[in-house]
Every structure is written in structure tokens, then in C-alpha cells.
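Novice: Sequence:
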Amino acid sequence: MVLFWLFAFDGITFSDDVYYILAGRDFWIGEMEVNSYHFSSRWGAYIPAGLMGMIFGFDARWFSLISLLAYIGSYLLILKLITDQKQKIIFSLWFLTQVYLLHFLTKVYPDSLLVFCVVLVVFGASIRKTHPVGGGKLMMVGLTLGFITKETIIFLFPLPIILMWIDWKSNKFQKSFYLTFFIFSILAGLLYLGYFWAKFGDPLYRISSINAGHYVSEFTYADKGISSILKRITITPILTFIERAYWPWLVFALPGLYRGFKKREEVIFEFSICFLCLLIGFWFMTSTLEFYNPIYLNPRHLIILVPIMACLIAKGWKTWNESKNWKWILSILLGIGAIYSLVIGDKKMVSFSVAFIYLIWSNFQRNHQSKYFSILLFIPAIASAIYQFETKRYSSFTHSLETEVEEAADSPILVNNFVYFSKDVLLNNVQNHKNLLIPIEKADSILQTHPEKLRVLIYNYYQHAYSQEQEDVDKLEGLLKSKYELEEEREEGLVMIREFRKR
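Letter 379 of the sequence shown, counting from 1, is numbered 379 in my numbering, and no numbers are missing.
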């Protein structure tokens with residue numbers, strides 16, 4: 001993970017991470033204000049990241065250091081719960097190789113810190129019988145920190161109630177654990193609600209801001225009718241797991257899940273309950289309390305499942321290895337994933353799934369089996385990093401942008417909309433104070449001022465990540481042809497730079 005963080009950094013995503021980086025910076029210089037925008041009260045999403053920036057410098061890479069620390073903390077906590085050396089190796093392989101988990105290792109998003117919060121919750125639950133007071137405190141901290149980081153943690157709110165009921169029925173009730181958890185949770189809840197009551201006059205202001213933040217988009221379902229909702233809560237989650245490369249993790253976690261509920265062994269039982277809480281939450285949870293709109297299954301959100309699934313995979317590894325029936329179940333499920341991937345033309349996922357099926361039935365010696373699985377898991381993980389690095393060429397882009405701003409004098413520079421949105425992160429204060437960047441969606445307004453000279457800097461990464469900007473690019477070309485004459489044109493990596501003079 002350290003090596004990936006050091007060498008696979010591919011820049012910001014030009015999206016919500018821009019807000020979290022700037023909010024983190026503003027908080028530590030005393031300029032951040034909580035407001036009606038629900039991101040502003042996700043303190044855990046930007047305060048720790050901002051601390052990294054304050055200590056090491058205002059740079060997106062340093063801000064993402066908190067993601068690395070959260071991942072390492074999560075990894076070490078689960079590793080502490082696993083006693084078998086073979087299981088530790090299997091867990092490590094599956095924890096360290098999920099492509100989306102790795103991708104957001106170098107980003108500033110609440111989901112990365114939420115990985116740690118989820119693990120902290122299930123860790124506290126797992127040690128409740130040996131360290132009841134400590135376990136209660138850790139579970140409370142995990143849920144509280146998680147809630148002020150991102151609301152997704154509410155998927156785990158039923159966990160302590162479920163555990164309490166199970167412990168009560170089995171005569172293993174740890175009174176000190178539950179007293180500690182509920183007393184501290186109530187105190188934390190009162191402080192949280194009290195803050196919003198004191199500041200906004202409404203203790204439920206946070207919920208209101210979340211509801212107000214809902215908007216209709218291509219990722220909502222309620223506005224598209226009952227058929228869209230039914231599809232989302234039936235087949236869409238399965239297809240998403242397959243398309244986004246989570247399917248093998250889910251499939252190989254099933255033997256551990258089965259063993260967890262059958263034998264109710266410590267650690268695996270708590271992880272099994274946690275996994276189901278998260279899975280059911282993702283499957284059915286609504287994005288607003290005003291009406292039912294199932295949440296969009298963004299692959300970034302799903303990374304909190306990875307550590308839990310990795311642990312279940314390790315705990316259930318022996319189960320499927322010693323059962324022909326389990327091998328058939330895993331093979332059939334992986335085969336379904338391969339068939340769907342073939343239908344949508346994803347040859348890489350087809351190969352990935354088929355390779356797993358081959359390894360399931362291959363008669364390797366046990367000490368060699370993990371080596372072949374590690375090769376299969378690490379190849380796409382490394383390849384995805386290289387692909388993203390080449391697709392983005394972030395360092396080349398930022399160098400070109402900074403150079404143009406420095407050399408542009410007073411002539412405006414038309415840039416992609418997403419580049420303009422991210423300018424406060426991409427450029428330093430001196431460069432931003434020049435106010436030279438203009439988003440291409442406002443090209444007509446700037447051209448109405450008839451500047452003598454202007455530059456156009458188009459970062460062609462938009463074709464991969466922001467294809468909707470093609471309309472603005474085409475519109476810009478039409479405006480320039482009628483009013484300006486091209487003087488110079490050059491290409492630097494994925495950046496096309498052109499200089500124009502008024503006709």
C-alpha cells in the first residue's frame with residue numbers, strides 16, 4: 001500500500017475530492033463554516049485530510065496520506081484478529097488487490113476513512129467478550145467517527161442491537177460492553193444533535209440538509225418509475241458487482257459467511273453479521289427520507305466491503321478447498337459472472353473469472369496455491385494502476401496548465417469545465433489570483449468582450465471521464481472559427497494548447 005501510494009498517484013478526480021481538499025485547508029486556517037450543504041458537516045471527510053495538508057503542504061498527494069493511514073490501520077486491526085498464518089496470507093492477498101480500493105488509496109474521499117471506521121466497529125464487536133469495555137468504546141468511536149465522515153455508516157447501526165439479542169439468547173451477554181457502548185453513544189449523540197440545535201436551531205438539521213441535497217439525475221430511480229426501482233433492487237446490484245470487479249470477492253466470501261453463521265466462531269461470526277448489514281444496506285437503502293429512492297451503487301462506495309470480504313475469504317478458504325460441492329457453487333457463480341461479462345464485451349473480466357475457475361479445480365499443493373492466486377490477483381491490480389496513469393497523464397497536464405498560466409500575461413485561457421472547477425487545487429494562490437481561467441461552457445460570454453488574444457487549453461482526459469463536455473468543445477470550435485484566427489497550436493501529452501488572435 002505504501003508503494004502504491006508513492007508510485008501510483010494519478011492526481012485528483014476533479015469531482016467531490018476538490019471540495020474535501022479545500023474544506024480541509026479552510027478548516028485548519030479557520031475559514032471553514034458548516035452550512036446547508038451536507039458535505040460541510042462531514043467533518044471526518046476533510047478535517048483529518050486537512051491536517052495532513054497543514055503538516056506536509058497544500059498538495060493533493062499529501063492530503064491523501066490520511067487514506068493510506070486509514071487503510072493501514074484497517075489492515076493491521078483485522079490482521080490482529082486472525083491467528084492462523086495461512087489465513088493471514090490469504091487475507092492480505094484479497095485485501096491488497098481490489099482495484100477500486102487501491103484506486104482511492106491516493107484520493108481524498110470519505111469512503112477511504114470509512115473503511116477504517118467499519119473495521120473499527122467490527123473489531124470492537126469481535127473483542128467484546130475478552131475486552132468488553134475497550135470493545136464497547138471502539139465500536140462507539142467507529143460508529144461516531146463514521147457518521148461524521150459519511151452517512152453510509154448507518155448500515156451498521158443495527159449491528160449492536162443484533163449482537164445484544166444474540167448474546168442475550170445464548171447466555172453470553174456482556175453487560176459492561178453494552179453499557180459502555182450505549183452510554184458513550186448516547187453522550188456522543190447528544191453532543192452531535194446539540195451542536196446543530198445551537199447553531200441552526202434544529203437538532204435534526206443534518207437530516208434536513210441530506211434530504212435537501214437530493215436531486216434528479218441519471219443516477220436516481222424514483223423519478224423514473226416503479227420499474228426502474230424494481231430493477232435497481234433486484235438485478236442491478238448483481239450486475240454492478242460483476243461489472244466493477246467485486247464479484248470474485250463476493251463469491252469467495254460465501255464459504256466464510258456460511259461458516260460464520262453455522263459455527264458462530266468468534267471473529268468470523270461478527271464479520272458475517274457486519275457483511276450482511278452492509279450488503280443489505282447497499283441493496284435497499286434510500287438516498288432520501290422524503291421518498292424511496294434506492295442509492296446509486298457507486299463502486300467507490302462499495303470499497304468498505306472489501307476488508308470484510310477479505311477476512312471472510314481467509315476464514316472460509318479451507319471450507320471450499322475441502323468440499324467439492326463448494327467448488328461447484330463457486331465455479332457456477334463465477335461462470336455466471338463470466339457469461340455476463342462476455343455479453344457486455346468485457347473480455348478482461350471474462351478472463352479473470354475463468355482463471356479463478358481454473359485455479360479452483362487445479363490440484364496444486366497447498367503451499368503453492370496461494371502463489372498462483374497472488375499472481376492472478378496482483379496482475380489486474382498493477383495493470384489498472386498503469387492504465388489509469390497512462391489514461392490521465394496527470395503530471396504532464398498540471399505542468400502544462402501551470403506553464404500556460406505563468407506565460408499568458410493578461411489573455412484569458414479557456415479550459416475544460418472540470419479543470420476550471422478544480423483550479424483552486426491545481427494552481428497556487430498567486431496563479432489563481434490572476435483569474436485567467438474561463439470554463440468553456442462560458443466561452444460565448446468571454447468572446448463577447450472581444451479580447452485581442454486568447455488561449456484554449458483542452459485536457460483530452462475529458463473524453464474518458466467527462467464525455468458530456470464534448471458538446472461544449474464542439475460549440476467552442478464554432479465560436480472560434482467565426483471570430484478568431486489560429487496563431488499557434490501544440491500538443492503536450494493529453495493537452496492541446498492553441499493561441500488565437502482576433503480577426
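Just so you know, the hints here were simulated from the structure itself, not pulled from any lab data. Among the hints, a few may not be true.
[Claimed, not checked] Here are the computed distance ranges between Cβ atoms for each label pair:
| hint | residue 1 | residue 2 | range |
| --- | --- | --- | --- |
| 1 | M54 | K502 | 41 to 49 angstroms |
| 2 | H131 | W197 | 28 to 36 angstroms |
| 3 | G335 | N429 | 50 to 58 angstroms |
| 4 | F56 | S170 | 33 to 41 angstroms |
Just so we're clear, the structure is a prediction, and the values are computed from it rather than from any experiment. Beta carbons are placed, not taken as given, at the ideal position from N, Cα and C, and that holds for glycine.
Novice: So, for every hint listed, does it hold in this structure?
Specialist: Outcome of the hint check:
no.: 1; hint: M54 - K502: 41 to 49 angstroms; verdict: holds (45 angstroms)
no.: 2; hint: H131 - W197: 28 to 36 angstroms; verdict: holds (35 angstroms)
no.: 3; hint: G335 - N429: 50 to 58 angstroms; verdict: holds (56 angstroms)
no.: 4; hint: F56 - S170: 33 to 41 angstroms; verdict: violated (49 angstroms)
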